[in-house]
Each structure stands twice: as C-alpha cells, then as structure tokens.
Amino acid sequence: MEAFILFGSLLTLIILGVPIAFSIGLSGAFFLLVTQMRPLILVAQRLMVGMDSFALLAIPLFTLAGYIMEEAGLSKRLVDWAQSIFGWFPGSMGIITIISCTVFAALTGSGPATVAAIGSIMIPAMVSSGYKKEDAAGLLAAGGALGPIIPPSISMIVYGTTMGVSVPDMFLAGIVPGLMLALGYIATNTIYAIKNNIKRNEEKYSAKECLKFTWKALGVLMLPVIVLGGIYGGIFTPTEAASICVVYSVILGLIYKELNWKKLIIAMRKTVETSAMVVFIVGMSGLLGWVLASAKIPTMIANAVIPLFSNKYIYMLILMLLLFVVGCLMEI
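So for the sequence shown, numbering that gives the first Met the number 0 puts the first residue at 0; every next one is plus one.
Derived from the structure by calculation, the hints contain no laboratory data.
Label-pair restraints from in silico Cβ distances:
id, residue 1, residue 2, range
1, T11, Q35, 17 to 25 angstroms
2, N302, M267, 43 to 51 angstroms
3, P123, S205, 19 to 27 angstroms
4, D51, G183, 35 to 43 angstroms
5, L322, G163, 15 to 23 angstroms
What you are looking at is a predicted structure, and each value in this text was computed from that prediction instead of being measured.
A virtual CB, placed ideally from N, CA and C, is assigned to each residue, including glycine.
Start from the sequences and build out the full structure, keeping to the hints where you can.
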C-alpha cells in the first residue's frame, strides 16, 4: 500500500505534465503527509542535504566550460579540425558531427552543452550536404547522448555522489562504451549516406592544411588530456578538474580574442538555466530516496520481485527495460 501511494502519486504528477523535479519532491512530501511517518518539516532539510555536496559543484562548472567554448568559438575550431581530416568519407558531415560531439563530450560531460555548441554549426552543414532535417537532428541528438557516457560525465558525477560510488572509476568504465557507441553511430551514418547518395565534402585538404587546422584546435584537443589525465593520475578531483576546465576555456577564449564580457555573461546565464534544473532534480531525488529508505520500500519490492526472477539475466533485462522507460521521462 505504501509503495502504491508513493509511486502512484509520482506517476500521476508526471502524466499531468508537472516538471520531473517537482513530481519527485511532491510525491515524497505527499507520502509523508498521508502516512505521518516523519514530520513534514523535514522535507526542506532533506532537500538541502541532497544538494549539499562538494562533488556536485562539478555540474555547473563543466556546463559553464561547455557554454564558454560555444560562445568563444572553440567548438568551431573543433569542427574545422574534424572536417579537415574526415571530410573525404561518405556522409562526411555526419561523421564530423559525431566526432565533434565525442570530443566535446570529453571536454564538458554535458549533453545539452554539446548539442548547443555543435548543432548550431553542423545542422545547416548537414542539411546543405543532402541530409533531411529530421535525420540531421536525430544524428545530433545521438551525438549529444554521448555526453552522459563519455567522461567527464555529469550524469556519472550525479550518480556517484548520490550512491556513494567512486566517480573516477565510473569515468574509467565509460570510456569504452562511449567510444563503441560513437563508432556505431559513424558506421550507421556511413551506411545511410551511401544508401541515400549523400554527397561528400567537395573541399580537399592537403597534409599542410590538416596540420594547420590541428594546430588551431590543439588548445581545445589538449583539454580532455589535461582533465582526464589529472583525474586518473590522482592530481585533482572531478570538481577541481571542472574548475580547471573553466579557467582553461576562458584563457583560450582570451588568447584567440573571441571571448568578451557579453559572451561570458551569456554563457553564465545558459549555465544557470541548465545546471539549476539538474541540481534541483538531485536534491529532490535525495528527498525521495530518504523517504524510500525510511519506509523500507526497496526491501519490500526486492522481497517480492527476486523470487519471480531467479535468472540474473532476466532480472537485468527487466531492469534495463525499466531504466529505458524512466530515461524517456528524465534527462538524467
């Protein structure tokens, strides 16, 4: 009965279109109000406890770094570099989009920042080369989805902080799946391009020109090496790495003379809009997790479900299907 009250209210709020953060928090508060299990005044306290984490500072910092790169034109240098090297492949614009998204995800760990930075450049280029608008948008969305997988991933920071899991270990585990996904996207795009006769990039680049574009993008390409190398080398934490990422992005923008106060303020505003939502969801999720633990609902569900799925592979399949459905409703 208690599980029905909690999850029923949560599902009802989501169906009614209530923002996911408020749906999570209100369902937890409603459960406490109905069951009288804990004083309702504890809701505010648990919300603050859920957001009071040093590791969560990495979320706005990595997001800010991504938007600074977008405003300072650093993402354009990244795209130009990818185009000079991979432009001769069939469906080159799609390949450039995926490669740019992969590298940018390794810079910021943010899906929205990746889509915003790369999409403004690559969507028009893909459409002009023969892609349908919906196909170009779908490819960009797939590339943006690499942000939560390839380290430094904001989603991994959230999960590691919430569940008490080592964030560097999660980063390490995300490298191979992220690269496999990127290669899969590239292969699918190539087949699509050949089947639909998508034209290649007609501009040819000499080895000298490729080196020129590599030199221009070298500062951007070095950032994943610095950030991930520092984390795995034990030099700094993910939060400290995010701070370094922001400072590095600002310095690059100033060196290239493409960053000013107006663009910096725009990047900060976008960061607030994106990261505030994520951190608020984390806080509300902390509240809901505390309610679940207090009511011992996970134990009750486990006792009811485990006898039904003695095969571990079936259990994992059901779990993945559940996560797939939930992932359609939530960004993280």
